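With chain B's structure known, arrange chains U, F and L on it following the hints.
Protein chains in written order, with my numbering: chain B, 1 to 423; chain U, 424 to 846; chain F, 847 to 1269; chain L, 1270 to 1692.
Since the hints were made in silico from the structure, they are not lab data.
Treat the numbers as computed from the prediction; the structure is a model and nothing was measured.
Don't be surprised by glycine CBs; every beta carbon is placed ideally from N, CA and C.
It cannot be assumed that every hint is accurate.
Claimed, not checked - Label-pair distances were calculated between CB atoms; the ranges are:
| # | chain 1 | residue 1 | chain 2 | residue 2 | range |
| --- | --- | --- | --- | --- | --- |
| 1 | L | 1321 | U | 433 | 20 to 30 Å |
| 2 | B | 248 | U | 709 | 51 to 61 Å |
| 3 | B | 248 | L | 1364 | 17 to 27 Å |
| 4 | L | 1555 | B | 33 | 47 to 57 Å |
| 5 | F | 894 | B | 142 | 19 to 29 Å |
| 6 | B | 248 | L | 1321 | 23 to 33 Å |
| 7 | L | 1357 | B | 256 | 30 to 40 Å |
Said to hold, decoys possible - Mimicking DSS-like on lysine-lysine, the simulated pairs with C-alpha atoms at most 27 Å apart in a straight line are:
| # | chain 1 | residue 1 | chain 2 | residue 2 |
| --- | --- | --- | --- | --- |
| 8 | U | 559 | F | 1129 |
| 9 | L | 1644 | U | 798 |
| 10 | B | 283 | L | 1405 |
4 protein chains.
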Amino acid sequence: MASEIIELSGHIIDSWTLPRAWDIIMDRGGDFLIQEIQVGKHKSEPSYVRMEIKADDEQTLDLILSELQQLGAMLVNGHDVRTARVEQRGVLPEGFYSTTNLPTQVRLGGQWVDVEHIEMDVAIVIDREHRRAYCKPMHEVEVGDEVVVGHEGIRVQSFERAREREIFAFMQSDVSSEKAKILMIQHIARQMQETRARGGKILFVLGPAVIHTGAGRYVAELIRRGYVQVIFGGNAIVTHDVEAALFGTSLGVDLRTGEQVEGGHRNHLRAINAIRAVGSLEKAVEVGLLREGLIYEAIKHQVPLVLAGSIRDDGPMPGVITDMQEAQRQMRRALPGVEMAIMVASMLHAIATGNLLPATVRTVVVDINPAVVTKLADRGSFQAAGLVTDAELFLRELVEALRHEGAFPDAAGLQAEAGHTQR
Amino acid sequence: MASEIIELSGHIIDSWTLPRAWDIIMDRGGDFLIQEIQVGKHKSEPSYVRMEIKADDEQTLDLILSELQQLGAMLVNGHDVRTARVEQRGVLPEGFYSTTNLPTQVRLGGQWVDVEHIEMDVAIVIDREHRRAYCKPMHEVEVGDEVVVGHEGIRVQSFERAREREIFAFMQSDVSSEKAKILMIQHIARQMQETRARGGKILFVLGPAVIHTGAGRYVAELIRRGYVQVIFGGNAIVTHDVEAALFGTSLGVDLRTGEQVEGGHRNHLRAINAIRAVGSLEKAVEVGLLREGLIYEAIKHQVPLVLAGSIRDDGPMPGVITDMQEAQRQMRRALPGVEMAIMVASMLHAIATGNLLPATVRTVVVDINPAVVTKLADRGSFQAAGLVTDAELFLRELVEALRHEGAFPDAAGLQAEAGHTQR
Amino acid sequence: MASEIIELSGHIIDSWTLPRAWDIIMDRGGDFLIQEIQVGKHKSEPSYVRMEIKADDEQTLDLILSELQQLGAMLVNGHDVRTARVEQRGVLPEGFYSTTNLPTQVRLGGQWVDVEHIEMDVAIVIDREHRRAYCKPMHEVEVGDEVVVGHEGIRVQSFERAREREIFAFMQSDVSSEKAKILMIQHIARQMQETRARGGKILFVLGPAVIHTGAGRYVAELIRRGYVQVIFGGNAIVTHDVEAALFGTSLGVDLRTGEQVEGGHRNHLRAINAIRAVGSLEKAVEVGLLREGLIYEAIKHQVPLVLAGSIRDDGPMPGVITDMQEAQRQMRRALPGVEMAIMVASMLHAIATGNLLPATVRTVVVDINPAVVTKLADRGSFQAAGLVTDAELFLRELVEALRHEGAFPDAAGLQAEAGHTQR
Amino acid sequence: MASEIIELSGHIIDSWTLPRAWDIIMDRGGDFLIQEIQVGKHKSEPSYVRMEIKADDEQTLDLILSELQQLGAMLVNGHDVRTARVEQRGVLPEGFYSTTNLPTQVRLGGQWVDVEHIEMDVAIVIDREHRRAYCKPMHEVEVGDEVVVGHEGIRVQSFERAREREIFAFMQSDVSSEKAKILMIQHIARQMQETRARGGKILFVLGPAVIHTGAGRYVAELIRRGYVQVIFGGNAIVTHDVEAALFGTSLGVDLRTGEQVEGGHRNHLRAINAIRAVGSLEKAVEVGLLREGLIYEAIKHQVPLVLAGSIRDDGPMPGVITDMQEAQRQMRRALPGVEMAIMVASMLHAIATGNLLPATVRTVVVDINPAVVTKLADRGSFQAAGLVTDAELFLRELVEALRHEGAFPDAAGLQAEAGHTQR
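Looking at chain B on its own, in the form it has when it is part of the complex:
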C-alpha cells in the first residue's frame, strides 16, 4: 500500500478543484482520507484541504499524484525536484516529467523557481548554476542535460475560475452556433483593447479561407490599426493573398465579383513564381510588385510573419519554412509577450500554435465547423473560447466592434472603404 499526503488551497471549491481531485483519485482506483478540511464559509474565503492519498501500488499512486499536480496539489513532505541526465541525444531519461501548459514551478534547493516559457508536452531542463528551469522539446535535448523526472518538487498553478461572470466563461460553456455572436465579438474587441493598452501582443493564426472569402482586408485593417503583433500561417494564405494582390483573384475567383475568371490554378502558381523571381516577399514590397493585402500590410508595419509549410504545398512561396522543426522553433521565438491569440479558419496551424501556447494566453478559436472549434478550444484551460461562426463575417464585425468602441478614433465608415466598393 502506497500513500502520500497532499494539500490543496485557494478557491478549490468554487473552481471545482476539490471535486475534480476526488474524481481523479477514485477514477484511478485510489482512495483518500481527509485529514483537515476548511470550506470557506463565504464565496470570498479561500478553502483548504489536506488529504492522505492511498493506492495499491506505487505506480498507481504516481499516476494519481501526477494528475493531482495539474490541479495545483502539493506534496506536504516537499522534496526538491528530481532529475536525471540525458544520455542519448534527443532521447529523454526514463520517467521524464512532461509538462502541461499551466504555470509551473520546480523546487531547487528548497526554493520554488518558475519554469520559463512553459508549453505543453515538453521536458523541463534544469540549469542549476543559474537557478533556472526551462522547457525543451524531446528532439532538442542534448547529452548531459539535466531533465526533471517523477513528480516531486513540482508545483503547477491551476486556474482559479474567475467568479465575476464574464462572457469568456459563457463562450466556453458549450460550442454551438446558436448563440449570440455579436455579444462575444464585442467582448473580444474589448479584450483586444485592454491587451494592447497594457502592451500585450496579439497573435493571429489564419487559414486560407480568410483570403478566399475576401476577409483579408479586415485583417489588413487590424494590422494598420495596431491590433496584430504576430501572424502565424502557411503557404496557402500567403499565396492566395499575393494572388489577390497581383491578380484580384483567390484560387482563380475574382474577389470583387465572385466569378471564376480562369482556370485558377494558374494564378496561384503565377503568384508564387512572381515572388520567387524577385526573391522574397519583403523584396516584392520594396520593388513595388506587392502593393496591397494582408502580407503587404504586415511587412509595411513590421509585423513578424511565421509561415510554416506543409506537405500539401505548391511552390512554396519564399519565406515559407519547409522544415517543421525549424518552423516550430521560429513560432516559439515569436511567442514571448503574446497575451491573446485569435485563430481564424485554421486547423493545422491552430493546433500547432495551441501546442506551444501557455494556458495563460487568452485564446479565441473561430471556425464554421463546430468539430474544429471543439477540438481547438477544448485544451483544458479556462482561457480558450470558441465561436462557431463565419470567418469572414466574424472579422468584419470585429473591425466594426473595435471602431464602435472608439478604437479607431479617426476612422471613417468601414463600409465605404471595404464592403461596399465593388460596384
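Below, chains U, F and L alone, put in the same frame as chain B:
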C-alpha cells in the same frame, strides 16, 4: 420495340438540356436517332433537335419520356392530356402524373392551358368546364375528380440558364463556407429591392436560432422596412421571441448579456402560458402584453404568420397549427404573389416550404451546416442558392446592405439602435 | 435578505452534486453558510451537508432553491407541496412548477408520493382523493385541476453517478467520431440483452436514412429476434420502407444495385397511393400486398408503431397521425415499460421522444452528424449516450454483436441472409 | 479578333465533353462557329466536332484554349510544343504551362510524346535528346531546363465516362451519408481484388483516427493479406500505433476497454521516446520492442511507409520526415505502380497525396465529415469516389467483404480474432 418522336428547342445546348436528355435516354437503357439537329452557330441563336426515342418496351419508353418532359421535351404527335376519374377518396388513379415544381401546361382540346399554382409531387386536376388545370395533393382528391395520367399532352417549361453571368449562378455552383459572403449578401439585398419594386412578396422561413442568437431584431427591422410579406415558422421561434419580449431571455439566456439567468425551461413555458391566458398573440399585442420583437412587428405590420407545429413542441403557443394537413393548406394559401423566399436556420419548415414553392421563386437558403444547405438548395432548380454562413451575422449584414443600397432612406446607423446598446 | 436551510446527502461529492450546488448558488448571486458537513472518508461512504442559503430577495432565493431541488436538495423545514387550481382551460396557474425528467416526489399530508410517468417541462396535477400525483402537459389541464406551484414539498432524485467504471460513462464523456465504436456497440448489445432478460421494453426511434441506406433489414432482423418492442417514426420511414418492399427502391434508388432506377418521386407517391387504396398498412399485410420490410415485420410481430407526421410530408401514408397533440398522446401511451431507447438517424422524432422520456430510460443516440448527437445526448442525464457513427453500419454491427453474444441461438451467418445477397 | 480551330472527338456527347466545351467558351466571353458536327446516331458511335473559337483578344482566346485542352481539344493547325529555358533556379519562365492530373502528351518533332508521371500543378520539362517529357515541381527546376510554355502542341486525354453503369459513378453522384454503404464497400473490395490480380499497387493514406478507433487491426489484416503496397501517413498515426503496441492505449485510452487509463499525453511521448532510444522503427521490430500493430506488420511485410511530418507534431517519431519538400519527393518516389488509393480519416496527407496522384488512379476517400469528402473527392476526375462514413466500421466491413469475396481463402471468422476478444 417502342418508340416516340420528341422535339427540344431553345437554348438547349447552353442550358445543357440536350446533353442531359441524351444522358437520360442512355441511363435508362433507351436509344435515340437524331432526325434533325440545328445548333445555334452563335450563343444568341436558339437550337433545335428532333429525335426518335426507342426502348425495348413501353414501360421503359414511358420512364424516359416522363423524364425528358421535365427538360421541356414535347411529343411531336401531340395528343390531348389523358385523365382518369378518382374512384376512392384520397386515392389517385393508376398511372397518375406527379408534378415537378416547374411551370407546366396541359393540352385541353388542342390548346395549352397553364397548371395553376404549380408545386412538386402533387396531382393535376382538370376542370373541363372552366378550361382550368390545378394542383391537388393526394389526400385532398375527391371521388369524381378528373386527374391527369400518363405523359401525353403535358409540357414542362424547363429553365434556361441565364447567360449573363450572375451571382446567383455563382452561389449555386457549390456549397462551401469558403466563399465571399458579403458579395452574395449584397446581391440578395439588391434582389429584394427589385422584388419589392415590382410588387413581389418576400417570404421568410425562420428557425428558432434566429431568436437564440439575438438576430430577431434584424428581422423586426426588415418587417418595419417593408421587406417581409409572409413568415413561416414553428412553435419554437414564436415561443422564444415572446420569451425574449417578456423576459429578455431566449431558452433562459439573457440576450443582452449572454448569461444563463435561470433554469430557462421555465421562462419559455411561462411565455406560452402568458399568451394562452390572454388567448392569442394578436390579443397580447392589443392589450399591451407583447410590445416588441419579431412577432410583435409582424402583427403590427399585418404580415401573415403561418406557424406550423411539430411533435417536439411544448405548449403550444396559441396560433400554432397542430394539424399538419391544415398547416400545409394555410402555407399554400399564403404563397400566391411570393417571388422570393429566404430561409434562415430552419430545416423542417424550410423543407416543407421547398416542397410547396414553384421553381420560379428565387430561394435563398442560409444555414451554418453545409449538409442542410446542400439538402435544401439542391432542389433541381436554377433559382435556389445556398449560403453556408452564420444566421445572425447574415441577417445583420443583410440589413446593413439594404441600408447601404439606400433601401432605408431615413435610417440612422443600425449599430446605434441594435448591435451596440447593451452596455 | 431571504434565507432557507437545505440538506443534501448521498454520494454528493462523487457525483459532483455538492460543487454543482455551490456553483448554482454563486452563479445566481446567492451566498451560503455551511452548518454541517460530513465528507465520506472513503468512496463507499455517503456524505452529508446542511447549508443555509441566502439571497438578497425572495425571488432570487426561489430561483436558487428551484435549481438546487433538481440536484436533490431538500428544504429542512419541509412543508407539504403547494398547489393552485386551474381557472382557465389549458392555462396553468401563476408560479406553476415545471418538471424535470428525473424521478420526483411530492409531499402530501406529510408523506412522500411518487409523481407518475414523469417527463420534462410539464405540470404536476394532484389527485388528493387517491393520494396520486401525475404529469399533465399545459394544453391538457382542465378547470379545477390542482396544480403544483412553488418549490416546497418537492423532492427530485438526482442521479448518483455509478462508480464502477462503465462504457456508458465513457460514451458520454464527449461526442467524437474518433472513438472505438465496436466496443460501444458490443456494450449496447449486452444492455439490450439484459433489458429483455428482465422484461424491459426497447424503443427504437428511426429516421428515413435507415431505409435509404438499406439498413431496414437489420431492424427487421431485430424485430424478428424480439429486440424491438416499440417503434416511433414518421411518414418518411414508413413510405420508403413500403416503397422498398413494393418496388425495391428507396427514393427511387434501387437498394440492391445502388442505381437510380427512375424519377424516384413517383415511386414513393405510388407506394403511398397503393396503401391508401387498400386502406391501411395492416390491411396491406393482410391482403398480401406488403410482404417484407421493417413495417411488415413490425405488424407481423405486433410491435406498436407510432407514426407522427410533420409538415414536410407527402401523402401521408395511412396510419400517420397528422395532429401533433394526438401524436404526442399516443407516444406517451406507448412509453410505459420502456427501459431502453435507441434513436438512429432521426432528429425531429428523437427530440420529441427525448422530451417525453424519463431520465431513467437508457438512451442511445446514433447519428453521423456530431451536432445532432450533441443536441440529443446532452439532456442532463447520466443515462444518455451518443455515438457519432454511420447508421447503416451501426445497425449491421449491432445485429452482429447480438448474434455473437449468443442472442440468436439458432442463427446462421448474417452475411448470407443480408449483406451479401445482391449478386 | 483572335481565332483558332479545334477538334474534339470520341464519346464527347455521352461524356458531356461537348456541352462543357461550349460552356467554357461562353463563360469566358468567347464565341464559336461549328464547322462540322457528326453526332453518333447511336450510343456506341463516337462523335466529332470541328469548331472555330473566337475571342476579342489573344489573352481571352488563350484562356479558352487552355481550358478546352483539358477536355481533350486539339488545335487543328498543330505546331510543336513551345518551350522556354529556366533562367533562375526554382523560377519558371513567363507563360509556363501548368499541368492537370490527366494523361498528357506533347508534340516533339511532329510526334506525340507522353509526359511521364503526370501530376497536377507542376511544369513539364523537355529532354529533347532522349525525346522525353516529364514533370517537375517549380522549386526543383534548374537553370537551363527547357520548360513547356503556352498551349500549342499539348494534348490532354480527357476521361470518357464509362457507359456501363457502375457503382463508382453512383458513389460520385453526390456526397451523402444517406446511401447504402455496404454496396459501395463490396464494390471497393472487388476493385481491390482486380487491382491486385493484375499486379497493381494499392496505396493507403491513413489518419490517426484509424488507431484511436481501434481500426488499426483491420489495416494490419489487409497488410498481412497483401492488399496494402504503400502507406502514407504522419507522425500521429505512427505514434499512436506504437503507443497501442507498447501500452495498449491510444492517446491514453485503453483500446480494449475504452477507458482513459492515465494522463494520456505521457504514453504517446513515452512511445516516441522508446523508439528514439532504439533508433528507428525497423530496429524496434528487430529487437522485439515492437511486436504488433499496423507499423509492425508494414515493416514485417516490407510495405513502404512514407511518414510526412507537420508543425503540430510532438517528437517526432524516428522515420518521420520533417522537411516538406523531401517528404513530397519520397511520396512521389513511392507512387509508380499505384493503381488504387484508399484514403481514410486523413485530411492533410490525403490532400497532399491527391495533389500528386494522376487522375487515372482510382481513389476512394472515406471520412465521417462530408466537408472533407467533398473537398477530396471533387478533384475533377471520374475516378475519385467519396464515402461519408465511419472509418472504423468502413475498414472492418472492407475486411469482411474481402473475406466474403474469397479473398482470404484460409481465413477463420474475423470476429473471433478481432472484434470480440476483449472480455
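Okay, the hints, checked on the actual structure:
1. 1321/L to 433/U: 20 to 30 Å: Distance hint for residue 1321/L, residue 433/U holds at roughly 24 Å.
2. 248/B to 709/U: 51 to 61 Å: holds (56 Å)
3. 248/B to 1364/L: 17 to 27 Å: Between residue 248/B and residue 1364/L, where Cβ atoms are some 19 Å apart, the hint holds.
4. 1555/L to 33/B: 47 to 57 Å: holds (49 Å)
5. 894/F to 142/B: 19 to 29 Å: violated (56 Å)
6. 248/B to 1321/L: 23 to 33 Å: holds (30 Å)
7. 1357/L to 256/B: 30 to 40 Å: With Cβ atoms ~32 Å apart, the hint holds.
8. 559/U to 1129/F: holds (26 Å)
9. 1644/L to 798/U: The hint holds at about 17 Å.
10. 283/B to 1405/L: Roughly 26 Å between the alpha carbons, so the hint for residue 283/B and residue 1405/L holds.
Taken one by one, the earlier hints fail for this structure only at number 5.
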